[in-house]
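*Asks:* With the hints as extra help, turn the sequences into a complete structure.
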Amino acid sequence: MEDVFGARALRERVLRAWAESPARFREDANVEEDHALGGYRDRVIIELAQNAADAARRAAVPGRLALRLRTGGEPVLVAANTGAPLDAAGVEALSTLRASAKRDEPATVGRFGVGFAAVVAVTDDPAIASGAAGVQWSAARARELVEEIPTLAEELARRGGHVPLLRLPFALERAPEVPAGFDTVVRLPLRGEAVESVRRQLGQVGAALMLALPALERVDIDIDGDVRTLTAERPAPGEVVIDGGLWRTVEEHGEIPAALLEDRPVEERTRPFWQVRWALPGDGLPEGTPSVLHAPTPSDERLDLPALLIGSFPLAPDRRHVAPGALTDFLVDRSADAYVRLLGELPVSPKVLGLVPGPVGAGELDARIRRGIRERLPEAPVLPHRTRGRDAVAVDAPAPFVEVLGGRAGDGEGDIGEAAVVGGLLPPEWPARSPALAALGVRRVELADVVDELAAVDREPAWWHRVYEALAGAATDALGALPVPLAGGTGRVMRGPRGLLIADGVDPAGLDALGLRFVHPEAVHPLLARLGAVEAGPRAVLADAAVRAAVEESFESDDPDAVAEAVLGLVSAAHLDPGDEPWLAELALPGDDGDLYPAGELLLPESPLRGLMAEDAPFGVVDGELLERWGTETLTAVGVLDGFALAKAEDVNLMGLADEAESLDLDDEDVWADDVLRRIGEQDLPPLVPEFTAVRDLELVDDWGAALRVLAEPPWRAAIVDPAHVTLHNGRRVAVPSYTAWWLSRHPVLEGRRPGEFRLGGDEALTGLYDVAPSGLEERLLLALGVRTSLADLLDEPGGAQELLDRLGDARRSVGRSQLGGLWTALADAPDAAVEPPDRVRAVVDGEVEVVDAADALVLDGPDLLPLLEGQPLVIAGQGRDARLAELLDLPLAGEEIPGLVESAGEERPVPEAVRAVLPDAPAGYLAHERLVVDGQDVPWWTRDGRIHASGAGGLARALAWSTGHWADRLLLEAVLRAPEALPVLLAEDDLEP
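This note's numbering puts the first residue of the sequence shown at 1, with every later residue one more than the last.
Some hints could be false.
[Unchecked claim] Across the chosen pairs, the derived CB separations fall in these ranges:
id: 1; residue 1: E287; residue 2: G6; range: 28 to 34 angstroms
id: 2; residue 1: A19; residue 2: A180; range: 40 to 46 angstroms
id: 3; residue 1: G681; residue 2: W583; range: 29 to 35 angstroms
id: 4; residue 1: A23; residue 2: D243; range: 31 to 37 angstroms
id: 5; residue 1: R218; residue 2: E177; range: 35 to 41 angstroms
id: 6; residue 1: R390; residue 2: R200; range: 25 to 31 angstroms
id: 7; residue 1: A19; residue 2: V266; range: 24 to 30 angstroms
id: 8; residue 1: H725; residue 2: T490; range: 21 to 27 angstroms
id: 9; residue 1: R200; residue 2: D243; range: 15 to 21 angstroms
id: 10; residue 1: A968; residue 2: D668; range: 46 to 52 angstroms
id: 11; residue 1: E903; residue 2: D806; range: 49 to 55 angstroms
id: 12; residue 1: A19; residue 2: R200; range: 39 to 45 angstroms
id: 13; residue 1: N730; residue 2: G510; range: 35 to 41 angstroms
These are computed hints drawn from the structure, not numbers from a lab.
For each residue, glycine too, the CB sits at the ideal point set by N, CA and C.
*Replies:* Here it is as structure tokens:
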């Protein structure tokens, strides 16, 4: 076949150069080996496709490429393409490794003349033909030619017979058949180890190849009869459909400034054009698509971006990585520009946020491109209405609220014609917390900040209701300052719902005089209650501080009648009981004389208080018209008196009351609190009275007989007879006299005397000391007032022992001889008795009861002294109480005042055995005296010197009974001593004692 491509001449020229310079042979061999095993080792399919694309572009025809792999028998890869056929310049370029025949064609992809070297990695006999002519390269034939050159023998041996394959082309004797419809065919018989690599490369052919080589419109891949086809259609500018998948593309190109090419090779400088293209898949990058820079075919530069970048980046000698330098910097910036333009040309949708690159790149080039993109994003018009990011605001709030702020209803009804509250506001489907929005320069505003700014917004109450509905699901901690429109025609808006009132069964319009802050009815929403607004029925409205302030200032009000009308309306609707809200008693109401009175100083016309209060009591009678309008129940609820007023309170602090730091406006309330604190003792924390009720104005009563009859009826009776309960810091509850009972007990309310000056008729121990209480009042009421019931109860009362001692020293009181000893004994037995030493005491003088000067009295400390104390006033208590009683009364003991010298001699005798039946612990013996003389006077017995002296049976019986502590057995002992034989009878009689 004719050598139409000049293959022989090329061969001879190369062989001659090698013969003349073996170093050139070595250099060509090394270069081809570097390309085949390095930068182009797995690029044979890509390079074949690139050559096919360039051929189609040169011929200006649709690019088609057919790749057929046969692995049975002798494996072979055949590639057929349309476009410009092979020519002599092409053969020369393919055989020179470094010189491309396309250098004057700026639109072509191949630029360096080395891509075809990729075939060396898979074949030893590549061939290419167009029409009836073609060339081939053969490793075996090339080796034969080299072996004929003696100067290359040594280098050939050193290289193990390896020669540069592509430097020596051969004209084909018989060209391979070009498939119909194609212009050029490449045939590559494959080495066995290369089959799997080629199969893998064919499997990787996909959309990325079609996008990198836009001149290709169709690629058919046939692997042992398994055929698949890739097609690329361009229905519109910027759109490519590959195998049904839509890709959006944007491209920028231009001429490279000369300064950027100064460090680039000469052939690159002769083609000073640049191009970058981004391709964005509609549904994400297809599986298996290499995430790398295509320059324009795949490199090893990873780009972890959602779009493919195809650009004319300068490559390093390994053809795998981008060469650093000014040109790369320039193209990085152009790539960033193009990517931002791509985003701007997409339909406006939150999906664009998924295309905003993060700050962390997969490699250096990726990071630089990302940085460039992110620097430009704030100016990109990718947001709704083609707004730039730096002009937009994203509110981090519930979607319905964002819609309301944007002028939409937020309820699916669309635009309601209102202006947006926040300019540049993004719709709610754009997530405010997306990092992509921050990269776009969008200002994110927190919910609390937006709420704070709403105070300046002027909208109708119904708009505010929509705001609250939109915020119903939001966290309340950001809504504390939420503005709320108030009822009335003022248009006032309050910042924050806490403390505002939501009308529930009341008409806000009728309460203007009270200065209340009601939420406008059209703005009411459950959210406001969650934020601290009070759903206010009549009782809740009354509890508002503004109502209390209006009542307190009602006398100074410009319109006291309006204040009274509003308050009385609330009280009527609330159905309050008298005393529920004591402060209402300060409400200014008209009396029948035309003057204003506090409600608590007005009486109903039929009130029993009109006849029992003092003349100077500050009470008026309520106006008749007011009574007719509001009725008795409403007026008494605000404090108008039908009977006595009741003061009610909760958790009364007794310490505060005692210190006058708190007040219930009750007479002597601090004294009562002090008294209670003394009763319960010192406490770590202030004691409280959880529920306090007291009768007011007791100090104004003049007719106590009538007053007590009123107080004996409900509801006042309970304030007297029911004790107050004090809660201590440890949770224990202590009952104490109520304030009312305490006050009444301290004043002359029973026939002009204090109730404590009377007794009930039960305990005879108090006979003569207290008068019997007057009749007409029930016993429980009298007990609560402090009327005495028994000696024991008297001594249990604080101050009771002192009261008993005072009455015993009062000569006007009558106390019997049999009664007196029991009184002194009870006083001595009182464990907590504390008294002041008396000036006068009630004593026994020679068997008679007299009231004497305390200085003249002695406390009897033993009956053996009695014969020596004739005419001496004696205070006598039960055995064993003498020392305690002497201490209480600060009186001497009688035994301390008597010398007690025994002047007679006694005979030692044994105690009769019969005595032990009565006194088992009786002493063994005693001193018997015919006549016992002590201090010159005859006495029947004596024990004060530590021995038992007795004269006669009666004296011995008393001495034994006293000394053993069995004084009550003295008479039985005397009977036994006088008649020992009667012991059984005497013991039987004693058993009958109660």
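*Asks:* Run every hint past the structure and note whether it holds.
*Replies:* Quick rundown of the hints versus the structure:
| no. | hint | verdict |
| --- | --- | --- |
| 1 | E287 to G6: 28 to 34 angstroms | violated, 47 angstroms |
| 2 | A19 to A180: 40 to 46 angstroms | holds, 44 angstroms |
| 3 | G681 to W583: 29 to 35 angstroms | holds, 33 angstroms |
| 4 | A23 to D243: 31 to 37 angstroms | violated, 51 angstroms |
| 5 | R218 to E177: 35 to 41 angstroms | violated, 20 angstroms |
| 6 | R390 to R200: 25 to 31 angstroms | violated, 48 angstroms |
| 7 | A19 to V266: 24 to 30 angstroms | holds, 28 angstroms |
| 8 | H725 to T490: 21 to 27 angstroms | violated, 48 angstroms |
| 9 | R200 to D243: 15 to 21 angstroms | holds, 20 angstroms |
| 10 | A968 to D668: 46 to 52 angstroms | holds, 49 angstroms |
| 11 | E903 to D806: 49 to 55 angstroms | violated, 43 angstroms |
| 12 | A19 to R200: 39 to 45 angstroms | holds, 41 angstroms |
| 13 | N730 to G510: 35 to 41 angstroms | violated, 49 angstroms |
In this structure, the earlier hints numbered 1, 4, 5, 6, 8, 11 and 13 are contradicted, and the remaining ones agree with it.
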